[in-house]
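Q: Listed below are the residues making up each chain.
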Amino acid sequence: VIGASNRRYAHIGDVIVAVIKEAVPNTPLERSEVIRAVIVRTRKELKRDNGMIIRYDDNAAVVIDQEGNPKGTRIFGAIARELRQLNFTKIVSLAPEVL
Amino acid sequence: MKKNSTMVYHSIYLEKKRLEIRMLKSVGHNFYTLFLSLFDQLVLGNCVLLVNLRRMRLEKCWFCSSTVYPGHGIQFVRNDAKIFRFCRSKCHKNFKMKRNPRKVKWTKAYRRLHGKDMTQDSTFEFERKRNRPERYDRNLAENTLKAIKKIDKIRSDRASDHIKNRLKTSKVQRQKEARKQLELGIHLVKAPLALAQDSSLCLPKIKVNVSQAQTEENQPMED
Numbered sequence: 001v002i003g004a005s006n007r008r009y010a011h012i013g014d015v016i017v018a019v020i021k022e023a024v025p026n027t028p029l030e031r032s033e034v035i036r037a038v039i040v041r042t043r044k045e046l047k048r049d050n051g052m053i054i055r056y057d058d059n060a061a062v063v064i065d066q067e068g069n070p071k072g073t074r075i076f077g078a079i080a081r082e083l084r085q086l087n088f089t090k091i092v093s094l095a096p097e098v099l
Numbered sequence: 001m002k003k004n005s006t007m008v009y010h011s012i013y014l015e016k017k018r019l020e021i022r023m024l025k026s027v028g029h030n031f032y033t034l035f036l037s038l039f040d041q042l043v044l045g046n047c048v049l050l051v052n053l054r055r056m057r058l059e060k061c062w063f064c065s066s067t068v069y070p071g072h073g074i075q076f077v078r079n080d081a082k083i084f085r086f087c088r089s090k091c092h093k094n095f096k097m098k099r100n101p102r103k104v105k106w107t108k109a110y111r112r113l114h115g116k117d118m119t120q121d122s123t124f125e126f127e128r129k130r131n132r133p134e135r136y137d138r139n140l141a142e143n144t145l146k147a148i149k150k151i152d153k154i155r156s157d158r159a160s161d162h163i164k165n166r167l168k169t170s171k172v173q174r175q176k177e178a179r180k181q182l183e184l185g186i187h188l189v190k191a192p193l194a195l196a197q198d199s200s201l202c203l204p205k206i207k208v209n210v211s212q213a214q215t216e217e218n219q220p221m222e223d
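Quick mapping for you: the protein sequence lines, in order, are chains C and E. According to full-length UniProt numbering, the first sequence holds residues 1 to 99 in order. According to full-length UniProt numbering, the second sequence holds residues 1 to 223 in order.
So that you can see chain C by itself, here it is in the shape it has in the complex (with noise of 0.2 Å):
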């Protein structure tokens, strides 16, 4: 996890150092690429100020670059509302679906 050191889990809204483990052939990132990406959905229950508590179906995050912006130009599924706060505007102005 950047940012924290030595953090043993990360959450929503953290960037993580990740190596790619399979690709898709026709892409500009290839296997075993070492990448920063910032997750977006976890199956681990998320816990709002509002008392609210989200759960998504599966775990996962956009690949970014250094500046915190996607690499890729489409996102599939729903994202979080924190990424907004952390100023992750552009993933959230590409996502299907805010919750």
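Any given hint could be a false lead.
To be clear about the criterion: a stretch of chain C counts as covered by chain E if any three or more of its residues have a C-beta under 8 Å from a C-beta of chain E, and this derived list gives those stretches [to be verified]:
| hint | segment |
| --- | --- |
| 1 | 45–52 |
| 2 | 55–64 |
| 3 | 92–99 |
It should be emphasised that the hints constitute simulated quantities derived from the structure, not laboratory data. By construction, the Cβ of each residue, glycine as well, lies at the ideal position given by its N, Cα and C atoms.
Starting from the known structure of chain C, arrange chain E on it as the hints suggest.
A: Below, chain E alone, put in the same frame as chain C:
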């Protein structure tokens, strides 16, 4: 009369806040400014209390159809972005077990499907979800609050009547069965000799079998 629950509860929240301010005033705090915007800021002495006036909406539990109040329950977002709200972990766990609420006896879905609870009534129309937020109007809010109470009462009265009517037929049946059982089992209540001796003790409908007559009849058969 239209009803928008978010707007109404928003106004209740505002009223509550005003009450709090009045209370604080009486206690002796002086506060410099008070302005209501999206974030309610109360400046009390040196500290600033940021109160978030978020919209409040009462949802329905997907599994049992009870209301989910803010701060309760879990929302589950499926990959196709469909949201399932649950009121408590019981419903959540049943959902994870892939149970169909229409087959689980204690849910509203089952009860409505099997005619145990009222399904069609004009009072349900008042509670439909409206996506257009209403401009705040004090009169409207007041009237809506009064209406909510009345509509609630009417709806619950009608629902309990529905259930009473449903159970009415079984009462007649049960009485019939009880009467029959009393006839058959009268010897448990009163000794048969006592019944024979004192005919005022027996029930008006029951025939009293005189034991002497019976033995007379039996004797020739034994021979």
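Q: Each hint needs a verdict: does it hold in this structure or not?
A: Here is what the structure says about each hint:
{"no.": "1", "hint": "45–52", "verdict": "holds (count 5)"}
{"no.": "2", "hint": "55–64", "verdict": "holds (count 4)"}
{"no.": "3", "hint": "92–99", "verdict": "holds (count 3)"}
The earlier numbered hints are all upheld by this structure, with none contradicted.
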